[in-house]
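Chains as they are written, first to last, in the numbering used here: chain A, 7 to 593; chain B, -13 to 109.
For the record, the hints were derived by calculation from the structure and aren't laboratory data.
Glycine included, C-beta positions come from ideal geometry on N, C-alpha and C.
Please note that the accuracy of each hint is not assured.
As the list claims (entries may be wrong) - Below are the BS3-like pairs computed for lysine-lysine, each with C-alpha atoms no more than 27 Å apart in a straight line:
no., chain 1, residue 1, chain 2, residue 2
1, A, K437, A, K382
2, A, K194, A, K60
3, B, K36, A, K194
4, B, K36, A, K382
5, A, K352, A, K382
6, A, K139, A, K118
Said to hold, decoys possible - So these bits of chain A aren't anywhere near chain B, every CB distance computed over 12 Å:
no., residue
7, A80
8, V85
9, V91
10, E125
11, K161
12, Q413
13, S553
14, E564
Said to hold, decoys possible - Here's a subset of chain A near chain B, in silico, CB distances under 7 Å, partners left out:
no., residue
15, G76
16, I78
17, S87
18, V107
19, L109
20, P113
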Amino acid sequence: MPRPEEDEFRSRGRAVAVLAVLAALYAALGIRVVYLQVIRGPDFVHRAERQHEKAIAVEAERGTIYDRHGNILAADLTVPSLYAVPPLIDNPGSIARELAVVLGVDPLPLAKRLAEPREFIWLSRRVDPAVAKAVEDLGAEGVRLMPERRRIYPKKALLGQALGFAGTDHEGLEGIERAYDRTLRGEKGWLVYERDGMGQRLFPKDLRYVAPSRGGDLVLTIDEVVQYISERELDAVIAESGADGGTIVVMDPADGGVLAMAVRQAFNPNDVDARHPASWRNRAITDLFEPGSTFKVVTAAAALEAGVVRADDLIDCERGAWPIAGGVLHDHEPLGRISFSDVIAKSSNIGTAKVALRLGQERLARSIAAFGFGRKTGIDVGGEVSGRVRPTARWSGRSLATMAIGQEVGVTAIQLVTAYAAVANGGRLVKPHLVVEVRDERGRAQPIAQEEHDETHPRVMSEQTAEVLTTILERVVSPRGTGALAAVEGVSVAGKTGTAQQIDPATGRYTANRVVSSFVGFAPSRRPAVVVLVVIDNPEGHGWGGSVAAPVFRRVVEATLRHLETPSAPSDPVRPPATAVTLLVPR
Amino acid sequence: MVARFQTWYWRLGGVWGLGSAVVIVSLIVLWHHSRIVQLGYETERLEADKGRLERIHRQLVIERESLASLDRVEHLAAGLGLVHLAPREVVVVRMDPPPAERDQTFAVALGRRILPAEAHAAP
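Can you make the complete structure from the sequences, with help from the hints?
Okay, structure coming up:
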């Protein structure tokens, strides 16, 4: 039998052991508490906040795009978007059936989506207000509306390709919308709210709200009326001539501001069809064409500047056929010895080629480069291409003669109109641009980046050469010139016709059946207000530039000058009021 | 005895006064708080109204721009029998400088002549 001392000793030993275990447990607990509260504390607080707080991005209002007179070309509108909270939907099948009728979709996939174990799904974004009202009237539990912003182009297809469009996430995807996306987009805001374990909002008032910053506005050089005139005349000539498409560019030669950029086929940025990306291509800056005779002005400028020819020098045009480099160069009509002015006025290929031979390939190549061909003009819209001009090392024996008359080169419409603007303004190459002003969210004008608006206009020819060229180009529009149909009553016009054969994709050779008809010129020729380029793609019949494009030029110039004479509206943000109006009268 | 009564009276008065002051301040704070809440609701309501009116204004501005589309205007004008004048049928009359009392625009359809000076003719 154990002695009492031994029992007491054992009991005390057990008590000490229990105490030691408890102490160790408390110590471990204490260490764990310190670890959780002190060492990992901030991390857990952050995690808890993340679980209790929900942040919603608030889209900023995208800036408005105006024409030069303050007419809205693109703006944001608040429209409803439809979403669902599946956990709140008891009967996805019946709600899907009701919704499908309103939304015009298949009910089965919709029911499947409504039954998904997710807290939020978009049903349809930026819906028509009438559709939103119909959904609201359904009163379906778990189906809700949220205001979102939608990009609206109130003038529909007007200036469609140049404006481009913004996508579902309000990001500029094409045209000016893309080129100036950072300016237009603004900055997203954030709305942070607290929610309970069920995910429901605890307070109606937001905990934190970082307001979105509205995007800046753009004022374009575009004149809505001139744009409309250009598109109207382009539509008319395409319908009349059965052409595949066309382009008209109207530019202010003084500073390179584009007044109109009409491209057909038409594109309505409100209705973007992703299956036809070609429809939103801005052909004025992306598509190349052989300029044909309109390019002769480059040869003429270089020859006059170099002094290898004078306007009244006689050139033998060989009665319409001239053998060169193993081939024969033809004129559209047999011409004898005529002055250099008449060579251009009558668009003689032979006369121009002979002058080019005097000039030599290096000087012609320098002139082509000086006019900006073969490189981007730097216009402030994305997607511009450089054009196609081969280096002199790759010129063939015929290249000097053919390039002088606008073959073997590929140019864009904006390059060609910019080159003629240089003739119109006395010899300086301006940089074409579409944006004249950027305004911040308070409407204050912001400076445009220097590289976007380069004010240095390099000289490509002397003023005297530009003046002689202008006189020559005026003869083109005289009754005996190829561009007689471009003449505008009461206004002096200088310009040049162009008819270039296209390459048949099947044979890889020039075909007489497909041509590009063009006319480019400026008016009034001695105090130019506008340079206008008309390019008609593949008109039916002969399709001479003088018969297809020149009349369009005349109509555009006539209407544009009449419009530019008239005063702006009193609310005009760009131009001050003037003192004249034109009238529409009943007949 | 009287002195003790006076002391007690003054103490009671002090407590009562203090209590009253606390109650009054509390009431003021409560009123102030409820007023802030009330104004907060009012502000929210007015802000919602403002937002709604701004949205409507925006819609109307865009609708106006859409209705003012030139192709639509020209279509309507054609329907009314209106036509563009030929260039020679238009005369643009300009005044230089425009008199302040007659800072109005006008035109006379008499034939294409610019009055009074060629200097202000078409660009």
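Is it correct that the beta-carbon of E125 of chain A has no partner in chain B closer than or equal to 12 Å?
holds, 26 Å
Regarding the assertion that V85 of chain A does not contact chain B, is the least Cβ-Cβ distance greater than 12 Å?
violated, 9 Å
Given as non-interface: K161 of chain A, partner chain B, CB spacing beyond 12 Å
Contrary to the label, K161 of chain A does not stay out of reach of chain B, its closest Cβ about 5 Å off (not over 12 Å).
Restraint status (C-alpha distance of K194 of chain A to K60 of chain A at most 27 Å):
Judged against 27 Å, a Cα distance of about 16 Å means the pair holds.
27 Å limit on alpha-carbon distance, applied to hinted pair K36 of chain B and K382 of chain A:
Since the Cα atoms of K36 of chain B and K382 of chain A sit roughly 47 Å apart, the hinted pair is violated (cutoff 27 Å).
Quick one: work out the minimum CB distance from A80 of chain A to chain B and report holds if it exceeds 12 Å, violated otherwise.
Violated, because the least Cβ-Cβ distance between A80 of chain A and chain B comes to about 10 Å, which does not exceed 12 Å.
Mind verifying the non-interface call on S553 of chain A? Its CB should be farther than 12 Å from each CB in chain B.
S553 of chain A clear of chain B: closest Cβ-Cβ about 21 Å, beyond 12 Å.
Minimum C-beta separation from Q413 of chain A to chain B exceeding 12 Å: can you confirm that?
Per Cβ check, Q413 of chain A is outside 12 Å of chain B; nearest 35 Å; holds.
V107 of chain A was flagged as interface toward chain B. Is the shortest Cβ-Cβ separation under 7 Å?
Since chain B brings no Cβ nearer than about 26 Å to V107 of chain A, farther than 7 Å, the hint is violated.
Are I78 of chain A and chain B close enough, Cβ to Cβ, to be under 7 Å, as the hint says?
Holds: closest Cβ of chain B sits about 5 Å from I78 of chain A, inside 7 Å.
Can L109 of chain A be said to touch chain B, with a Cβ gap under 7 Å?
violated, 22 Å
Taking the least C-beta to C-beta distance, is P113 of chain A closer than 7 Å to chain B?
Violated, about 31 Å.
The structure is inconsistent with the numbered hints 4, 5, 7, 8, 11, 14, 15, 17, 18, 19 and 20, although it conforms to all the rest.
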